[in-house]
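Asker: Below are the chains, spelled out letter by letter.
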Amino acid sequence: RKEVEQDPGPFNVPEGATVAFNCTYSNSASQSFFWYRQDCRKEPKLLMSVYSSGNEDGRFTAQLNRASQYISLLIRDSKLSDSATYLCVVNTLTGNQFYFGTGTSLTVIP
Amino acid sequence: GAGVSQSPRYKVAKRGQDVALRCDPISGHVSLFWYQQALGQGPEFLTYFQNEAQLDKSGLPSDRFFAERPEGSVSTLKIQRTQQEDSAVYLCASRGTGGNYEQYFGPGTRLTVT
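Those protein sequences? They're chains A and B, same order as listed. For the first sequence, the numbering used here begins at 1 and goes up steadily by one. For the second sequence, the numbering used here begins at 1001 and goes up steadily by one.
A portion of the hints provided could be inaccurate.
Stated by the list, open to error - If you anchor each label on the Cβ, the simulated ranges turn out as follows:
1. B:S1062 / A:T107: 35 to 41 Å
2. A:A20 / B:L1039: 37 to 43 Å
3. B:Q1084 / A:P10: 37 to 43 Å
4. B:S1027 / A:D7: 35 to 41 Å
5. A:I109 / B:P1070: 46 to 52 Å
6. A:Y51 / B:S1005: 40 to 46 Å
7. A:K45 / B:S1062: 27 to 33 Å
8. B:T1112 / A:K45: 47 to 53 Å
9. A:E15 / B:V1012: 35 to 41 Å
10. B:T1112 / A:K79: 32 to 38 Å
The set of hints was computed from the structure by calculation and includes no laboratory data. Cβ atoms here follow ideal geometry from the backbone N, Cα and C, with glycine treated the same way.
The task is simple: from the sequences and hints, build the whole structure.
Answerer: Structure follows, in structure tokens:
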């Protein structure tokens, strides 16, 4: 079983839509959680960290459910520029190993 | 400021050739990671350095893969006797200290083995 599982999509949504991605992780001892964004043929870049209490950054909201071992990302009012692959990332207790999901592909359509 | 750089950006190797991929992390970053990203997949952890010490190499897929960071800054990932299944993007990331776990990625080296 993979450490981190994501629905690869693709998600095709119209501009202005709200879209949500989920990600599950297998190691209950995982400590840190992140969403990264990766544009086509580019390197991953940190979108936001995910805190236990949930956190929001503009149109983006991240939530963590430790009991069910899943992380979510909600994007409101989608923009064309949001089109990318969104990677869920989980960090182990030691802080050394970062496990990436396969990524969820989002295309925002005009 | 300067980010993480990697070279070459593209490498084509014939099966059986040895290749060396270079990573220049952000100056002062103690931690350095190598990842392998196959097409349509997320990055897979290969190895981790703290300064010059290779603390975790559990992700290296075979003994043909070797990484070093002799002076605690630049790192080299070497793949001996390349195979077609080694074709992937090899990403390097560095991370500072102080509890911020954000990793900064380089642009990657796209390796194609023919």
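Asker: Mind listing which of the numbered hints don't hold for this structure, in increasing order?
Answerer: Result: hints 2, 3, 6, 8 break, sorted rising.
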